[in-house]
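**Q** Protein chains in written order, with my numbering: chain Z, 67 to 320; chain X, 138 to 553.
No lab work stands behind these hints: they were computed from the structure. Hints should not be assumed to be uniformly reliable.
Said to hold, decoys possible - Pair ranges (Cβ atoms, derived): (1) Z:Q168 - X:L330: 42 to 52 Å; (2) Z:P251 - X:N411: 25 to 35 Å; (3) Z:V302 - X:L511: 37 to 47 Å; (4) X:V454 - Z:V302: 42 to 52 Å; (5) X:N321 - Z:P251: 36 to 46 Å.
Said to hold, decoys possible - Below, computed lysine-lysine pairings styled on DSSO-like, alpha-carbon distance capped at 27 Å: (6) X:K172 - Z:K314; (7) Z:K224 - Z:K175; (8) Z:K207 - Z:K224; (9) X:K172 - X:K438; (10) X:K172 - X:K473; (11) Z:K314 - X:K353.
What the hints assert, rightly or not - These stretches of chain Z come out as covered by chain X in the derived footprint (C-beta under 8 Å, 3 or more residues): (12) 164-174; (13) 207-219; (14) 313-319.
Keep in mind that this is a model prediction, so the values were computed, not measured. Cβ atoms here follow ideal geometry from the backbone N, Cα and C, with glycine treated the same way.
Residues per chain, in single letters:
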Amino acid sequence: MQKPLAAAAAAALALGIVLPAHGADEQPQIERQQWSFYGVFGAFDRAAEQRGFEVYKDVCANCHSLNLLAYRDLAEIGLTAAEVNAVAASVQVEDGPNDQGQMFERPGKPSDRFKAPFANDEAARVANNGALPPDLSLIVKAREGGPDYVYSILAGFKEPPAGFKMTEGMSYNTAFPGHQIAMPPPLSEGVVSYTDGTKATVPQMAHDVVTFLAWAANPELETRHRVGVKTIIFLVILTGLLYAVKRKVWADVH
Amino acid sequence: MSQPAWNSPVVKWIDERLPIFTLLHHSTSGYPTPKNLNYWWNFGSLAGVMLIVMIVTGIVLAMQYQPNAALAFDSVERIMRDVNYGWLLRYLHGNGGSMFFLVVYIHIFRGLYYGSYKRPRELLWWLGVVILLLMMATAFMGYVLPWGQMSFWAATVITNLFSAFPVVGSYIVHWLWGGFAVDNATLNRFYALHYLLPFVILGVVVLHLWALHTTKSNNPLGIDAKGPQDTIPFHPYYTVKDNFGIGVLLIVYLAFVFFAPNFFGEPDNYIPANPLQTPPHIVPEWYFLPYYAILRSIPDKLLGVLATFLSLLVLFVLPWLDFSRVRSATFRPLYKKVFWLLVLDVGVLGYVGANPPEGSFLVMGRIATAYYFLHWFVLVPLIALFERPRPLPVSISQPVLGGGLAAAAANPMEKA
Chain Z
67 MQKPLAAAAA
77 AALALGIVLP
87 AHGADEQPQI
97 ERQQWSFYGV
107 FGAFDRAAEQ
117 RGFEVYKDVC
127 ANCHSLNLLA
137 YRDLAEIGLT
147 AAEVNAVAAS
157 VQVEDGPNDQ
167 GQMFERPGKP
177 SDRFKAPFAN
187 DEAARVANNG
197 ALPPDLSLIV
207 KAREGGPDYV
217 YSILAGFKEP
227 PAGFKMTEGM
237 SYNTAFPGHQ
247 IAMPPPLSEG
257 VVSYTDGTKA
267 TVPQMAHDVV
277 TFLAWAANPE
287 LETRHRVGVK
297 TIIFLVILTG
307 LLYAVKRKVW
317 ADVH
Chain X
138 MSQPAWNSPV
148 VKWIDERLPI
158 FTLLHHSTSG
168 YPTPKNLNYW
178 WNFGSLAGVM
188 LIVMIVTGIV
198 LAMQYQPNAA
208 LAFDSVERIM
218 RDVNYGWLLR
228 YLHGNGGSMF
238 FLVVYIHIFR
248 GLYYGSYKRP
258 RELLWWLGVV
268 ILLLMMATAF
278 MGYVLPWGQM
288 SFWAATVITN
298 LFSAFPVVGS
308 YIVHWLWGGF
318 AVDNATLNRF
328 YALHYLLPFV
338 ILGVVVLHLW
348 ALHTTKSNNP
358 LGIDAKGPQD
368 TIPFHPYYTV
378 KDNFGIGVLL
388 IVYLAFVFFA
398 PNFFGEPDNY
408 IPANPLQTPP
418 HIVPEWYFLP
428 YYAILRSIPD
438 KLLGVLATFL
448 SLLVLFVLPW
458 LDFSRVRSAT
468 FRPLYKKVFW
478 LLVLDVGVLG
488 YVGANPPEGS
498 FLVMGRIATA
508 YYFLHWFVLV
518 PLIALFERPR
528 PLPVSISQPV
538 LGGGLAAAAA
548 NPMEKA
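With the hints as constraints, model all of the structure from the sequences given.
**A** Here you go:
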C-alpha cells in the first residue's frame, strides 16, 4: 500500500498535478445557487442552456474538451437541425483512410463527437503551463458540490489577499481547494456577446455555462424526472391497494 | 400439510412424474408460518427481490459493458447516453446495490434482536452469513467495473489488504491482480467473478430457504409454534404482506433512482481511473464504512486486517457465544439494551469510516472498535450467563392470557 501511494504522489508532483494543499488560511467557499433542474419537477432552462453553449463554444472550448457529446446531442437543448449542422460544419475533423489509403480532413457532421481542442493530454499540458484542463462532459457530476462548485470556481477569481504566497502562473480562486488554480480567469464581462441580447456579466455567464454543463453531464435528467413522477404516483396507488388487500386477507386473523 | 388433491388432470399427470406442484404447495399455501410475524420479517423476501433485480439489470448491462481498461469508463457513459433507457438500467443497478445491503442489514439486525441464530437455526444463520460475505465480494468487484478514480483506488486499497500477511502477502496480491498493478487483467477477472458470484449467492439463497423451511420461521416471541392454532399458511397471508412490503421498498428505491441517483455514489468515480493520481480521500461505499473504520482504527496493518475479518467471522460463532436459551430480546432486558448499543456502535463506526482517520475521529473509531468486539466476546456471553429473562408466554396464541409468573413456572425451560 505504501509503495504505490508514494509512487503515485511522486508521479503526480512530477507531472505538475495540483493537489489540494492543506493549511490554506480559509476553507473553499461554495456559493449555493438556484438551479432550474433541481427538484422533482426540475428541467433545464432552455435559454440558459443555449447561452451556456455559446459560452462553452467561445471560451471553454479553447482548452476544455467535451468528449462524451456529439453535435447531434445539441438538438436536445433546442438547436434546430440546420443550426446543429452549422455548428458541426464549423470544425474540420480528420477522417479516413480513403480508398487511396490517405487520412483526410472534412467538415464535421452531426454524428461527430465534439472536436477536442488538443490532440492529446500531452499537447494540452504543454500549452497550459503543465496543467491538464479536464474534460467537461461529466464535470458537474465529478466534483463535490456539483453545479454550485463549478459556478463558484468560475465566479470565484479574486485578487489574492495580502500576504498570500502565489506560485508562478497560478490564479487565486476562493472556491478552489488551496485557492491556487492553474486556470486563468476565463470569464470577464462581455467576453461573450449573447445572440439573445442578455447582458454577459460574469455571474450570468457562469450560471448559463453551468446549466449547459449540467445538461452535458445528465442529458437524461428531464426524462428521468418525468418518468420518475409517473412511476412514484403509480407505486403509491399500487402500494395503497396492496395494503387494502393485506388488511382484507388478514381480517380473520386479527 | 397433507398431499393436495389436484383438480386438473394435466397438473396431476405432471405432478406424479415431477412433483413440482407439490413442492410449490409445500412452500406456499402448505407452509405453516407463525401468525405473529411483524413487519421486520418482510426484509428476507425484500432481499430476495433485490437479488433478482440486481441479476436482471446486471445481465442487461453486461450486454453493453466493455471490461477493458481502455474502454470500460466510456462504455458505461455510452450506456448512460446512447443505450435506450441505459441510464435507468445503470441507476437501478447502482442504487440497487445500496438497497440490497440496506435490506440485508435490517434482516441481520432483526435476526440479532429476536435470536434467530439460536438452536435449531444455526445453519440457517451460517448460510445467511455466507450470503453476506459473497455479497460483499460481489459489490466490491462490481464497484471496480466503471473504472473511475474510486473504482481504481478502492481496488488498489482492498487488494493490498492481503499484502499484510507475512511471507505470502505480496504473492497473493500479485495473484489477485494478475500482474504487478491493478490493471486490465484485474478488471477482466473482477468482471468474470462479478458475473459469477450472484449465481453462487442464488444457490446459497436456495440452501438458506431450504434450512428455513426445515426449521420454520422464528417469531417476535421467540417461542416455538405449538400447533395449528399458532400458525397460518404462508400463502395468502405472508405473500400479500410481502407484496405490500415490496411496494414500499420500490417507492424508496425508485425515489433514489429517479431523483437522487448519485446520492450513494462518490463524485470521484465520474473521473476516469488514473493510476498516477491518488484521490485526496479514498472512501468505500457506505455499506463498507464500519469495516473500514475498524481496519483503520488498529495501528498495525496485519492486526487491522485480521480484526476486519474477525468483525464478520464472529457472526459464525455467535450461536455459541450467546448461549441464553431465550431467543427474543423482548424477554431479555439486558440483551435488549446492548443490542441497541451495538446498533449505535455500528452507526458510529460507519460515521468514522466516512471521515479521515485523524484527531477525534481516530479516538472515536478506536473506542467504537473496542466496544464492537467487547459486545460479542464479553457482553453477549456474560449476559447469557447472568441475565434473568422475563417469563415467556405459553404459546403464540396466548401471549397475554397464559403469560405471567404462573405460566413461567409451569414452563421454566421454554426452548428450542
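**Q** Hints the structure violates: just list their numbers, smallest first.
**A** 7, 9 and 12
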